[in-house]
Amino acid sequence: MRNKLRPYLTAFRVRALLETQYRGAALGGLITQAFFGLVYAYLYTAFFNGSDPAAQKATVTYVWLQQMFFRALFMSDGEMNNQIMTGSLAYVLCRPVDQHLYWISRNLAAQFVGVAMRAAPMLLLQLVVPQEVRMALPASPLAFAQFALSLLLGVFCVSQIHAIGLAFTMKTLDHRGLSSMLSLLLMTFSGNVVPLTLFPEGLQRLIRYQPFAQVLDAPIRMYQSGQPMDEWLLNLAVQLCWIAALWALGRWLWARQLRHVTIQGG
Amino acid sequence: MRYIYHAMKLNLKSIAQYRASFLMQNIAQFVMVGGEFLAVVVLMTRFTALGQWRAEEIMFFWGVMQLTFALCECLGRGISTFAGYVGSGDFDTILLRPRPLMQQVIGHRLDPRRLGGMIVGGGAIALSCVRLGITWTADKLVLTLLAAAGGFFLILGLFLIEATVSFFSVRSIEMVNVLTYGGRSTCQYPVDVYPRPLRILFTWVAPFALSMHLPISHVLGKPLFDVPMAVVWLAPLAGPLFFLLMTRVWYIGVKHYRSTGT
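Protein chains in written order, with our numbering: chain F, 1 to 266; chain Y, 267 to 528.
If you're looking for bench data, these hints aren't it; they were derived computationally from the structure.
Accuracy of the hints is not assured; some may be wrong.
To be verified - Restraint-style ranges between C-beta atoms, simulated for each label pair:
#1 Y:V515 <-> F:L5: 51 to 57 Å
#2 Y:A286 <-> F:H260: 22 to 28 Å
#3 Y:F288 <-> F:L258: 49 to 55 Å
All residues carry an ideal CB built from backbone N, CA and C; glycine is no exception.
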């Protein structure tokens with residue numbers, strides 16, 4: 001078992017180490033996200049206009065957490081896209097590994113390290129943000145634990161979605177249209193554009209159980225309230241089910257595509 | 267100006283070669299900006315008002331910003347993708363031609379895919395007008411056009427900052443995006459909903475408030491700043507002035523240009 005998993009663990013480690021080299025990009029991202037966090041925090045404060053202090057604080061916290069973990073939504077494995085476009089995918093396929101699993105382990109490494117590198121300074125930033133737009137602490141230690149586990153699953157979820165996107169790119173060979181469409185869906189339906197908590201009451205049930213909400217919306221809701229056992233188990237089950245379903249769909253698509261993959265170039 | 271016109275015509279011809287792709291991309295743009303529009307609708311149903319502004323008024327500000335920004339991305343594509351030419355060495359080709367530089371850069375690309383975004387923006391303005399029952403007079407129409415024109419040059423100027431930065435650092439573009447896309451996201455709402463530091467930033471540094479919000483606020487009949495009418499008419503000039511200033515800075519940048527080689 002251990003021997004079988006070794007190439008994937010190594011791929012994970014190497015990719016994680018590589019990601020730590022992109023400190024410049026992380027810094028650039030930090031400035032952007034800090035700016036958007038501040039603007040959104042002030043904007044929603046203006047929207048609430050003191051009418052509902054609890055909901056106002058919750059929304060401010062929501063937008064800060066969205067910006068803090070924004071990297072988790074950032075779905076561009078430029079390397080793989082390029083390989084498909086230029087045809088060097090052929091070399092990748094020479095490796096005697098399970099391609100889908102191999103890619104997932106590399107992508108997870110990039111996501112985890114990328115997220116951590118950007119989240120840590122954003123957390124420090126909270127110390128200097130003015131009181132009225134600062135994010136709240138988690139509802140309880142338990143809420144934080146629920147949030148952390150759920151966030152971990154969220155990153156798993158986004159990797160599966162990304163893998164499905166790549167399967168389509170293998171077919172169309174050009175990632176641009178699909179990439180932008182997919183990240184738009186992800187930004188909107190994970191609550192980055194408008195917090196999902198602000199959608200009309202009647203839509204809540206529908207909107208919080210769709211796959212994109214599993215990435216950041218589900219964890220943030222746990223951070224804010226700390227859910228009772230039965231509700232928490234339900235949310236956890238929803239996350240796990242989506243990961244499993246998307247994983248299966250991704251594997252199936254990859255297997256299909258790789259059987260008659262088109263290699264560009266000569 | 268004639269050069270730009272000529273170059274744009276050539277660009278259009280080349281795009282007309284790929285009609286299906288053009289149509290698809292336009293639809294994609296339409297869906298994207300339409301999604302943003304729905305986001306604003308969701309917010310305005312939840313809150314009904316933002317500061318002193320009603321939902322329909324916010325829609326007006328939003329529409330003008332979307333329309334202007336899409337227009338900028340369409341006609342100013344050469345500037346907004348300029349960093350790419352520096353990286354790829356394309357800028358060398360431009361430098362060699364005996365035509366004014368800035369005109370060439372502007373004429374280098376055209377992006378009519380943004381039509382989808384313009385339609386959504388225009389639609390939002392129209393919808394808001396109908397629901398507000400604005401009686402259009404000549405001065406209101408001119409003020410709206412001035413706001414759009416002022417915003418247009420201002421955003422071009424912001425894209426020019428990105429272009430200038432690319433002479434000195436190839437990889438810091440993500441950071442400069444704050445100015446353009448951050449400016450769009452922030453200033454699609456009138457500046458008075460923000461606290462003082464942001465108000466100052468978007469009035470005096472990147473003057474969205476002067477070039478766009480002030481004239482629009484007069485169209486809507488809720489003056490933003492307590493200033494004489496003459497100032498309101500002149501304020502959109504802040505946009506073109508900003509653009510001219512950034513053009514000068516960009517030319518300074520050109521002097522420091524080192525080719526990446528071919």
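Does the Cβ distance between V515 (chain Y) and L5 (chain F) fall inside 51 to 57 Å? holds, 55 Å
Hint says 49 to 55 Å; check whether the CB-CB distance for F288 (chain Y) and L258 (chain F) agrees. violated, 32 Å
Evaluate the given range 22 to 28 Å for the C-beta pair formed by A286 (chain Y) and H260 (chain F). Roughly 24 Å apart at Cβ, these two residues keep to the hinted range, so it holds.
In the structure shown, a violation is registered for the earlier hint numbered 3 alone.
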